[in-house]
Amino acid sequence: MTVNVRDQVLAMAPDAAAAKAGLGQANLRRWSGCGRNERALWGECHGSGQLPYQTQAALDDGSTKCSCPSRKFPCKHALGLLLLHADGAIPDGSPPSWVAEWLAARPARLARPARRERSDGPADPQAAERRAASRDKKVDAGVEEMRRWLADLVRGGLGAAQPQPWAWWDEHARRMIDAQARGLAARVRRMAAIAATAGQRTDWPERLTDQIGSAHLLCEAWNHRASLPVATSQALRVRLGYSVAAEDVAQSGKRISDKWAVLGQRFSDDDNRRSLQQWLYGERTGAVVTYLAFAAGTQQPAPGLPAGRRTQATVALYPGTCPARVLIGERAGGSEELGPLPGEPSWEAALNRVADCLSADPWADVIPLAVRSVTVLPADHWLLRDTAGRAMPVTAAASVRWALLALSGGRPVDVAGEWDGFAFTPQAAAPAGERGRLLAGWQA
Amino acid sequence: MSWTGLVNAAVMGTGRAARLPGAALEAIGLVAGDDQARLLHRAAVMSRARRAGYRPPEAGQSTAPVPAEDDHRPEVCPAAERRLAGLLGAGDHDLIAEWLRCLAALDRAKRPPDALLPALLTAAAGRPALRANLLPVLGPLAKWLAGFNDEWAWACGIGGTGVAGGVQDAGSASGVWETGGIDDRRALLGKLRANDPAVGRELVAATWDVDSYRDRAAFLAMLAVGLSPDDEPLAERALADRRNEVRRAAADLLARLPGSRYSQRAAVRATAAVRIERQGLRQRLVITIPGSVTPEMQADGVDGSPPRGTGASSWLLRQMVAGAPAAYWARHSGLEPGELLALADRSDWTEPLRAGWTAAAVRDADRAWLLALLDQPAPAHSGSERHVTADLRLITALDADSRDAWLRASSGNPLFAAALEVLPAPWSVPLSDLVRRRLSSVARADPGYSAAPRALFRLAALRLEPPAPPDLDPAAVHDRLSASWNDMINTLSVRADMRRELSEEFDP
Chain P
1 MTVNVRDQVL AMAPDAAAAK AGLGQANLRR WSGCGRNERA LWGECHGSGQ
51 LPYQTQAALD DGSTKCSCPS RKFPCKHALG LLLLHADGAI PDGSPPSWVA
101 EWLAARPARL ARPARRERSD GPADPQAAER RAASRDKKVD AGVEEMRRWL
151 ADLVRGGLGA AQPQPWAWWD EHARRMIDAQ ARGLAARVRR MAAIAATAGQ
201 RTDWPERLTD QIGSAHLLCE AWNHRASLPV ATSQALRVRL GYSVAAEDVA
251 QSGKRISDKW AVLGQRFSDD DNRRSLQQWL YGERTGAVVT YLAFAAGTQQ
301 PAPGLPAGRR TQATVALYPG TCPARVLIGE RAGGSEELGP LPGEPSWEAA
351 LNRVADCLSA DPWADVIPLA VRSVTVLPAD HWLLRDTAGR AMPVTAAASV
401 RWALLALSGG RPVDVAGEWD GFAFTPQAAA PAGERGRLLA GWQA
Chain L
445 MSWTGLVNAA VMGTGRAARL PGAALEAIGL VAGDDQARLL HRAAVMSRAR
495 RAGYRPPEAG QSTAPVPAED DHRPEVCPAA ERRLAGLLGA GDHDLIAEWL
545 RCLAALDRAK RPPDALLPAL LTAAAGRPAL RANLLPVLGP LAKWLAGFND
595 EWAWACGIGG TGVAGGVQDA GSASGVWETG GIDDRRALLG KLRANDPAVG
645 RELVAATWDV DSYRDRAAFL AMLAVGLSPD DEPLAERALA DRRNEVRRAA
695 ADLLARLPGS RYSQRAAVRA TAAVRIERQG LRQRLVITIP GSVTPEMQAD
745 GVDGSPPRGT GASSWLLRQM VAGAPAAYWA RHSGLEPGEL LALADRSDWT
795 EPLRAGWTAA AVRDADRAWL LALLDQPAPA HSGSERHVTA DLRLITALDA
845 DSRDAWLRAS SGNPLFAAAL EVLPAPWSVP LSDLVRRRLS SVARADPGYS
895 AAPRALFRLA ALRLEPPAPP DLDPAAVHDR LSASWNDMIN TLSVRADMRR
945 ELSEEFDP
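Protein chains in written order, with our numbering: chain P, 1 to 444; chain L, 445 to 952.
So that you can see chain L by itself, here it is in the shape it has in the complex:
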């Protein structure tokens, strides 16, 4: 009886099977007795024999994959590999991002450990922030692996070092665009807009009529990268879209385009709404708001239905102000943003004017406006959550240097702690020094019921640059803060070790 025959008999059960031909076994003295015993005897002997004699089957040649291209960057040293393995095991995504950032910053390019690449790709698949840190250090192996796992498709064709090009050929791009999921399409469009904006625009236009309104709005927003006058016709067409969301996205896009017909129309509307009246040395704002949304305004995406709690006129004014380019106001009025804000604060329309200017300043990343809005808060600035959110948007919109400078000059500002949070790692060296001084003073005091000191410790642990601890005797730290303080010191020392390990040269 063969092994397969035995397995079949066992699955069926001797109670149901015909009597097994056990004569041969009896002949060699293996068995006496009933069918069950015979089957068990056979199973005992044959299962051992099968194991002892097992040989794997022959395989065909055809299924072997073509090997990945060589990566000429050396792998990081074993200590760095162990460190990353530990972080991946612990799921410490903050420090994994830091590890990747330090790797990318090395003078001599190295590649992440091959064996840990799948774990990195898996961790980054659902985390856009981590993905942004991972992409710059990926090489040909990641591209090769992505060919076996659709969840890693985003890692395809994006070269850190040594991968040619980065943009797929036109044929495969349109294939992805026409059949891919939304994430793949976004990734493709983002990549194309950075490298070849016209191709990206053509793809968006190609499927415009069949895409859902959500996708249409999302794609329009993505055209902000690589935006040029060539994009105007498509955006103008989108202004006539049947969905409000798409019209809004189109208006926002056109407002970013200097000299677009839309900006000119918006500037005309802004001029009509906000006039400066001079009486001798005194100046004041004269606000004129149309009674209702005109068809022309509607065509430009102005929304006639205010959200709850906002008056209709206020809502219109805000949109009219926001529609014009931020830089328009200085040209139009000859006044600096600060002066305009002072006038606005004396008018009855402080709130909508500031909201409109804030939107325009953030959209255009207009430094003068952003700084003016930050440094001249509204008189009734209550520090409410809405104001803080708006102010954080201003800080985020600043370019890195201005932001850093503003923070250093504003350490007394109540926004300081919240602003640190939106400031990605690594902080500048002078800002880090400032934060270290603040840490030393915060750590001595009784925190009471405030969670703020601990939040600051956690933030500083990950973002101080270089990762050196504040100069404070641990004994001076308030008892109730010492656990979080130690956590911070530990994280900083892990970050310092991490850098040392990464820069270590390893000669196998």
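Here chain P stands alone, though its shape is the one from the complex:
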């Protein structure tokens, strides 16, 4: 990540107001104890509070951290610090303890082999095995409980479960978190969300049945994990909530170098954990992968590639899931405007990808699809009709739907977005032959 050019720093701002505020902070008079080394920048910014805010930024991927309460990311202090750096105004120094702690806690990054030496030292293979076994045991118990809960659910009927309050679902979700099966917890919460919006969706019984099917398949697969193909068992572990160390991905993950177009991104806030998810479309290879970052509490997930733009970069694939999650490595050059969107000629052709995905990772809930020349049919239920005459139902915020309709002007458009098994959410669109644009993601 190059963070030494003003424009690129400003491009990181979540919105124009933040960029403006960031410029206001790029004034050494507001700062004390500024410094930098080869990995990070830091400084204390004097705001309206009694204590200065401690702001720091990593130079490898541009991720930042600040003690201010802002919910914008990066906050204006972080932007200000990066701008000062871009101006060459920050002197070399050695990091104070709060910076050193942060740096030590950050996962190793791709293309930084120097970090490997450190993680070699204290690793005790036996201890690691014991830890893994004890976790598996916990997950065993969680899966068993999930099976009982699902059996109760279908015995009583989904019709009886649907009116249950959020807390009823959430109680079970929390038990799954305690069992270190975050993936199962997320699935229960997804069911709760479907049940809660039953008034707006007539297809909630189908969606809930789909979810219990998927959840049940997770439980069954866990019990037969020894006999699963490698790819599926990797997918299973990820879907249950096992994480793969970024170091391992950086070292041994399959790499793809391409010019990546970010055709969709979403921030979400779930149970004190913020996440950022992006869809990356490779221009040369046609690969479609996803970037996913999490942060706890008031921290912010590390930014991926610039949304709605194309960037040349090398990514490393996490094992298991489809579409693959990636770690973003070295970038080459700045980012550029999107070109025309990729896409299949029909929904049918695009949906062929789904069967391929599901055969390796049957738990893939949301799958990116791109189709050319669809016509927007705005009605009570919006549809996107392809040239073969098939019409995909649309589910999206009103602002996204209107942006798509406006971009089309009633003429066919190319779209990219995600399919949740029932409806399609457009995220980027382009009138025939024109450059693509994000339909959302620019909102604050």
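Please note that a few of the clues may not be correct.
[Stated by the list, open to error] Which bits of chain L does chain P cover? Going by a derived footprint, with three or more residues having C-beta under 8 Å, they are:
#1 449-456
#2 507-513
#3 518-530
#4 835-845
#5 928-940
[Said to hold, decoys possible] Cross-link-like lysine to aspartate or glutamate pairs, in silico, DMTMM-like; alpha carbons within 20 Å at most:
#6 P:K254 - P:D365
#7 L:K635 - L:D674
#8 P:K72 - P:D270
#9 P:K72 - L:D536
#10 P:K254 - P:E283
#11 P:K72 - L:D931
Derived from the structure by calculation, the hints contain no laboratory data.
All C-beta atoms in this analysis are idealised placements derived from N, C-alpha and C, irrespective of residue type, glycine included.
Got chain P; can you put chain L on it based on the hints?
Just chain L, lined up with the frame of chain P:
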């Protein structure tokens, strides 16, 4: 068992359903055990199979909308689009208005980004000021979109570039008038009065008897645009309305109509009330106020019940003075507004005379009167809020050039800062230079507890023209003002960038 059958069984619950025929599944070794497990197994397999084999249904041809007309203006460049997207995301409506204004001012017309048009229409739907900035840059796409969303109906048929006409045909106009909501009716009437006043008047007359008094009063006020003697009969009829509000609106409208019978009657009343007595070189005003409201005055909308704190005679005098056209006084007395004001200030009736003249001057936008009232404040001019408001009304009523000239000549006036606020963007170049000099001196001083410097910074940030910063070393800015000063400098630089981006040519 079909997917639908499975979903039905799951919704009902195995506890209530008859035993499921699981023999087939058992035959392929999928299941052993109870109904729940069987149903879950089936859900697992069938839900995956449904996803893998999903194909969207066939759609009919009939529901596709007719495409929008082509807009021949090129779209703005990507940098300008990103800028606008950021402003919309941040909800910065001041800068969105500025962005739109700069777009409209381009030599070579460009259209706003198609994808952001709905967000612009939504932002402007509830903000009349933003709407006024948006309307001039809208093209056929906005009109087309408005056909799908009633909240954008105001964007219909109003062409910036390339949209033919602008006024709907008579049939659809009367349809909107008879069935539309108040906002649509106002929008329609406003448009008609600007283009075809007679049609507008006929619409107002057509529903006069069924409209509420609020609507009647509002529509009368709107007839001020495109006003002509042809409107007199309708306004005269409204003078006899049973509601005071409507009578007042009618009187106000008629007073704007030069040579109307109402103006003549009002002038007669003013002549009777205010007489100039000459004794040698000395002149004085002789004021004669009727003891009560005569039926003839009542018929002309004169209000007999004064507001609290105002005497009955004073209230009548004020209305009698206000009723006459502002230009009448010079003709009648041979005196300039300034001379009349000096006489008034020596009389016992300063307050009602000035109030009446102020109302007439503002209504008629009479430059001589407006400037006289501004430059010759009342002797007991206390700077009270009421006076400031009245003076700001005078400034607002001035035409743009006179207003600008007055401000430049009055930078020491206590009203200066408040007047800047009512002066819409962009300020003239000479006025901006003057404000920049003032900014530089204000910024050096300790603001104490005053919010005024910061308010001035905020205003200047949005309205200085061109958006160049004042020539002042940032180190010279007082510490307590430096944050707001920097905000201003940033906003100015954003505005400068904005213009550069908008004028950039983009070749995709």
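Cross-check of the supplied hints:
| no. | hint | in the structure |
| --- | --- | --- |
| 1 | 449-456 | holds (count 6) |
| 2 | 507-513 | holds (count 6) |
| 3 | 518-530 | holds (count 6) |
| 4 | 835-845 | violated (count 0) |
| 5 | 928-940 | holds (count 6) |
| 6 | P:K254 - P:D365 | 23 Å, violated |
| 7 | L:K635 - L:D674 | 18 Å, holds |
| 8 | P:K72 - P:D270 | 16 Å, holds |
| 9 | P:K72 - L:D536 | 16 Å, holds |
| 10 | P:K254 - P:E283 | 18 Å, holds |
| 11 | P:K72 - L:D931 | 18 Å, holds |
The structure fails to meet hints 4, 6 from the earlier list, while all remaining hints are met.
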